[in-house]
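In the working numbering, the protein residues as written are 317 to 568.
It is worth saying that the hints were derived from the structure and are not from the lab.
Treat the hints with caution; some may be incorrect.
Unchecked claim - No more than 16 Å apart at the CA atoms, straight line, and that leaves these computed lysine to aspartate or glutamate pairs for EDC-like: (1) 492 x 502; (2) 422 x 441; (3) 422 x 434.
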Amino acid sequence: TRFANLVQLSRRASSSRRSMSNGVYGEDLARVGVTRKSQSTNVLLVHSELGKVKPRVFAKAPAADFAFGVSKARDREGAKDVTMKWVEHKSNPDSVPGPDFRAMNKLGAVNEVVSAAEVAAFRTENRITLRGGDVAKTDKSTALPSDYNPDHVYGRSSSAPTIEETRYTGDAVDIKTIVQGGFTDEWITMNERRAGQMRAKHEWREPKMTKAAVGHASFAQSSKHGQGGEAKPFKMKKFENVQPKLSSVGAK
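Taking the hints into account, I'd like the entire structure generated from these sequences.
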């Protein structure tokens with residue numbers, strides 16, 4: 317009987333743990349240990365169930381239709397309607413064309429209107445609007461020769477170069493030479509001819525000292541060894557005649 321009671325208690329404990337993982341803890345279920353209300357709202361105690369979304373651990377769970385942040389209404393016109401349907405622009409028939417400032421300024425200059433006050437009054441009395449319809453859409457660009465002659469060619473044909481071009485660039489190159497890499501072979505041959513010259517430029521050369529460096533080195537050697545050829549220790553002038561109190565190893 318004792319073993320059966322232990323099995324029954326373990327089963328109730330496992331069922332209570334499953335209920336806690338779902339975010340709901342029932343007080344009627346038996347549990348081994350102390351039972352607290354905060355156990356269903358503590359994120360450290362509520363574990364996620366395998367294959368399900370992590371449960372909410374709020375003290376008071378919000379409604380099902382609650383949204384965190386700003387909730388915007390869904391637009392009826394989705395991405396499919398925008399990309400798969402083409403709607404041409406329709407101009408407003410009640411719209412009035414805007415003022416033509418260029419034409420009014422030109423007319424005001426002809427009538428000797430120069431000050432700002434005179435220009436404002438002149439525009440009020442002589443209002444000119446922009447032209448619309450087919451008159452405004454007329455293309456006023458300069459006509460090109462190729463517009464009325466499809467066979468017209470701009471520039472000069474490269475198949476017949478002049479004598480001056482031949483003098484500077486050489487004979488005309490055919491497409492066969494370009495495709496088969498004729499210029500590449502020519503570049504390789506040219507570099508093979510001057511290979512020795514290029515190697516000579518990159519040979520190692522001993523660095524040469526300048527005259528100033530030679531002078532500094534000779535002065536340093538003479539000052540270091542002195543007139544007798546022996547190195548003199550550095551001493552301040554006021555300590556030149558002071559004899560050392562300790563004898564160093566190897567001192568003469």
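Quick rundown of the hints versus the structure:
Straight-line distance between C-alpha atoms of residue 492 and residue 502 comes to about 14 Å, which keeps the hinted pair within the 16 Å bound. Between residue 422 and residue 441, the direct Cα distance comes to roughly 15 Å. Compliance with the 16 Å bound is thereby established for this hinted pair. Of the pairs offered as hints, the one joining residue 422 and residue 434 holds, with about 14 Å between alpha carbons and a cut-off of 16 Å not exceeded.
Of the hints listed earlier, there is not a single one the structure fails to meet.
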